[in-house]
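Peer 1: So you can see what is in the structure, the chains are spelled out below.
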Amino acid sequence: MEIEFQRVGKKYESGQEALSQVSFHLQQGEMAFLTGHSGAGKSTLMKLMMMIERQTSGQIIVDGVDLRTLSRRAIPQHRRRVGVVFQNHQLLFDRSVFHNVALPLQVSGADPQQIAKRVRAALDKVGLLDKEKYNPMALSGGEQQRVGIARAVVNKPQLLLADEPTGNLDPKLSAEIMNLFQEFNRVGVTVLVASHDLALVARMRHRVLTLSQGRMVSGGGFG
Amino acid sequence: MTQKPNQRGATRESIKATQHHWPTRSAFQPGKYLRQHQATLTESFMRLLSYPLASVMTVMVIAIALSLPGGLYVLLKNVHSVTDQWEQQSVITLYLFPELEDTQALALSHRLSAQADIASVEYISKEEGLRYFERSSGYEQIMSSLPENPLPIVLRVIPKADVDVSTLPSLQALRDQLASQKEVDYAELDAQWLQRLANILSFGQRFVYALSVLLVVAVLLIVGNTIRMAVESRRNEVLVMKLVGATDAYIRRPFLYMGFWFGVLGGFFASLCILLLSWWVSSPAQRLIELYQSGLQLQTFNADEIVLCLTISAFVGVIGAWIAVSRHIANIELQ
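If you're matching them up, the sequences are chains X and U in order. Going by this note's numbering, the first residue of the first sequence is number 1, and it counts up by one from there. Going by this note's numbering, the first residue of the second sequence is number 224, and it counts up by one from there.
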């Protein structure tokens, strides 16, 4: 998936300006990091990409489509093409690992056999195939995060977004998670990871976009 | 920049490595749709069972709210069936002028019998009237002390038309026509009570309708509130489902089915309440009916009415859920 931000701004009704004049271009199949202090606008930028919120100025163009032209009804279709990983992984503890990962396929109405096949493939990729029947609550923090990743990729999204995916993990686990993202990137998925772990980001040798007080201060050019 | 579907397609094809397999929006697959609905129907019922106490309470409140207008409806139906029988006994009583001779009265009686809208005419002579009066009034002493019989000849005219509320105007017209006969002193249509009864019944009917509307609105609110709490308790699930691309309709569906179950179960127990109540009052009511009229059966909820009750309650349940869910789901987004 190809993403282009053109002088994007987001101003809340309270008058707070979360983003202003943000421009960057993510190529198809590129991997990049998004850094900045907390409150710099990383989460807001992610939300705009997910269409959880709408920008108040500028253009966001995804695969040649201006997101402003998409109606509310088109949002679910857009989200099915984007996989998201959250810091607090947003898993549901009333169902097994298998059913957590199956959720994106269920909501798009895939048939049960197809779901089982894809869920096992995704769990295999993150190394949790033997834990499909567990409740996510019984898993460690790193394992929970990997379940979150399996859920994000089970739909074979074109874009993978991760918001502080290693926020609560130790360095070794963090590196493992980052390696997973790199693997998905290698098969053609565009990946954008928001992280304030600058040391880890530096080691990964990918383009780094830096936000400060809602402005893109470095890395915003063409990668 | 405008939408460029071709470009999107080209981009998609270029990613051979990942072999994308996107769900498409346009293709409508009835099989898939039915499978989803069936699964949701079962799942939503299981959800009710997972909160047994709250669900039972909601269902019972709905059942009670619905059984009240239902019970009144049954009562009204019985009153109607009783009055339907009464109504056929109406007569027009003609009091002829006292100085009229028997022959003249008989001639009038024959003339009226031949009239198209009159079924029969009963002739009550002065003597018969006196005997009847003495038998029933207890004024024997006074009557016998009178020098002559003061009673006029009476004709009891039974109209052909079944007498009920709808034929009342034509009956009054017939009464007027009979009153204008030169032999007739006074004509009385024994129907004032009928008029009053009709008024009372229509009042009762409107009362039941108004009460039904109020209680249906109450059921709407009860279901709405319960569903709203159900959505709130599953807020996290709704949030995650939205994030992974669930449509509002998909998220709404299990809650609508929940409303459906509340409605159907509420309607079922309301019907059960009414049947039990009718059974409970049946023996004293039957005795009461026998006092007035024999051969009348006590009416209760029949199969059609049970089906109607279930349909209405299911419909109200779904509407209540819809109102509660639509706005609420739209407001749940990642903060």
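It cannot be assumed that every hint is accurate.
Below, a list of computed lysine-lysine pairs in the DSS-like style, where the Cα atoms sit at most 30 angstroms apart [unchecked claim]:
1. U:405 / U:349
2. X:131 / U:255
3. X:172 / X:131
4. U:255 / X:117
It should be emphasised that the hints constitute simulated quantities derived from the structure, not laboratory data.
Peer 1: List, from low to high, the hint numbers that the structure doesn't satisfy.
Peer 2: none
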